[in-house]
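Work out the full structure, taking the sequences as your base and the hints as a guide.
Keeping their order, the protein sequence lines are chains L and B. Using my numbering, the first residue of the first sequence is number 1, and each one after it goes up by one. Using my numbering, the first residue of the second sequence is number 312, and each one after it goes up by one.
Warning: the hint list may mix true and false statements.
Far from chain B, by Cβ distances over 10 Å, these chain L residues were calculated [to be verified]:
hint	residue
1	Ile24
2	Ser76
3	Tyr120
4	Gln134
5	Lys198
6	Asn208
7	Phe244
8	Val277
9	Asp302
10	Glu306
The list that follows gives simulated cross-link-like pairs (lysine-lysine, DSS-like), each with its CA atoms no further than 27 Å apart [as the list claims (entries may be wrong)]:
hint	chain 1	residue 1	chain 2	residue 2
11	B	Lys366	B	Lys350
12	B	Lys536	L	Lys166
13	B	Lys350	L	Lys171
14	B	Lys477	L	Lys166
15	B	Lys350	L	Lys198
16	B	Lys350	B	Lys370
17	B	Lys536	L	Lys122
To be clear, the hints were calculated from the coordinates, so they are not data collected in a lab. The model shown is predicted, which means the values in this text are computed figures rather than measured ones. For glycine and all other residues, C-beta sits at the position ideal for the given N, C-alpha and C.
So the chains spell out like this:
Number of protein chains: 2
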Amino acid sequence: MSKRVPLRVFAPASVANVAVGYDILGFAINDIGDEVMFKAGNEKGLILKSIHYNKGLSKDLYKNTAGFAALKVLESLGLEDEPIHMELYKNMDIGTGLGSSAASAVAGAFGINEYLGRPYTKQELLPFATQGEQIADGSYHADNVAPSLLGSFILIRDNATLDYVKLPIIKGLKAVIVHPKIKILTRDSRNILSPQLKLDQHIQQSGNLGAFVAALFRTDFELLKRSLDDCIIEPQRAELIPYFYDIKSIAIDNGALGCSISGAGPSIFALCMNNIVAENIAESWKKLYSDKGIENNVHISDINTEGAIIS
Amino acid sequence: MSKRVPLRVFAPASVANVAVGYDILGFAINDIGDEVMFKAGNEKGLILKSIHYNKGLSKDLYKNTAGFAALKVLESLGLEDEPIHMELYKNMDIGTGLGSSAASAVAGAFGINEYLGRPYTKQELLPFATQGEQIADGSYHADNVAPSLLGSFILIRDNATLDYVKLPIIKGLKAVIVHPKIKILTRDSRNILSPQLKLDQHIQQSGNLGAFVAALFRTDFELLKRSLDDCIIEPQRAELIPYFYDIKSIAIDNGALGCSISGAGPSIFALCMNNIVAENIAESWKKLYSDKGIENNVHISDINTEGAIIS
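Spelled out as structure tokens, the structure:
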């Protein structure tokens, strides 16, 4: 058994769907994310001792995405009896659409793996983190978990097998994110969606997804811009988010490459080709929501390239 | 006016849909295709003088994909009165699923443009060729026309604007194609398709399309293989093609990267990572259809990189 050293890890927030990749596309952002601390415990097994900043979350390992992901790693190694003390620093609010539950799950899986002396590669942790995330919304999909763990843009070819592709990043690409502080549960935001779509919508959206992937490989901002158009999910969810179309117009008018709902919302993201565009959008977004009396956070970020790290 | 020199052009056959890109993905193949000859005429306007090898096709410019595409180019230049004599060498059968009408349309547009001294770039001919193709099946889509004109794998981001992306080719990639000589009209093959699909199917197919595009950029045969799986169109059309699933099993068992219906069928294609695999599949396919008493043509090809050429 390798020597156990206490440590704290950070897993970033992420933007899923990204207009054209519902349930299969996401990217990680900087600065925002959750942290988990692991150290030796004095009771048998893993114990989630405390959760900072969010008293509402359960410390039951089977009901906490970070705890469950860590537990699954331990079980796979036959180490579930090892006395380990875990603390979750829940820096992110729940229900923002920025992969809060995924960040916790990733931090749990990544942190316990580092604590144990790295028995798994980072890539091998994806199923554990995805099982953790599954606790939050009931479905098994890795479009938040994979970018939070691995960084960059990630395309999930197949959620069942977690076969994914890490996509290249275009230098200079910036994300602007606004979180209007209203509550949408992922579960509700999923339920609003029609389980069917038209073949024409599928054709349109697929063309845009394929072009989006090609644009990243070709470092082609113009193609990226033309491809960032969601004809399936956004029209159904926009009504859940106050002033969504005003926010989107601001982004496009200021030169954003694209703007859509982050994950299940209510956060909204825009992708921009440089920081000046991003700052103009951030400022106008803040003003709009503040003028309307809606509390909000606005954040500008590069695309996070590292994913989960020791903090 | 530039000097007119008689010429003959060739436009290749193509495989559309390619399992994961219904109406938006196609590639061109070698050796099979249609030809059009242009020379000065002795009557006012463009005249489609003769059609070789297929007496059933109309010589009316408004009912012939090659003639209509050429006419559209002439009209756009105000040259519709110039006396031009056109002959179509219809080498391909109709209704094979190998882009026969598209090859004619491309040869018409490309040929007249060359004859006129190249007023348009090859890329600029895409709308004219697509209008020609539209005569054949009524819908405006470029997944056969674009690869026939430009070569390689082409992804159509948006059929309405003909915004496309030329995708890279992996060296060594081979296509095997079998045409069982039964008749399916594209129109019928379209009508069999449900106009709706499940959101889950869309997610699955999109993941595969995105991964397919990434695989070409990464020259990743394994990813290409995992991505070539059609959960939407193939299951609906397979019943139109005799022994489709036997043919597919032969391809996969022999190591094909993937196998599905070419365009609207009945032709079937397999992609292979080298010529030995391709030859084994070709031989077994020929044997199966011949044993069952179904007349057939089998063809092995590199991915055509040039598209339409002067022949």
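Consistency of the hints with the structure:
| no. | hint | result |
| --- | --- | --- |
| 1 | Ile24 | violated (5 Å) |
| 2 | Ser76 | holds (24 Å) |
| 3 | Tyr120 | holds (22 Å) |
| 4 | Gln134 | holds (16 Å) |
| 5 | Lys198 | violated (6 Å) |
| 6 | Asn208 | violated (6 Å) |
| 7 | Phe244 | holds (21 Å) |
| 8 | Val277 | holds (23 Å) |
| 9 | Asp302 | holds (22 Å) |
| 10 | Glu306 | holds (21 Å) |
| 11 | B:Lys366 to B:Lys350 | holds (21 Å) |
| 12 | B:Lys536 to L:Lys166 | holds (17 Å) |
| 13 | B:Lys350 to L:Lys171 | violated (51 Å) |
| 14 | B:Lys477 to L:Lys166 | holds (21 Å) |
| 15 | B:Lys350 to L:Lys198 | violated (46 Å) |
| 16 | B:Lys350 to B:Lys370 | holds (16 Å) |
| 17 | B:Lys536 to L:Lys122 | holds (24 Å) |
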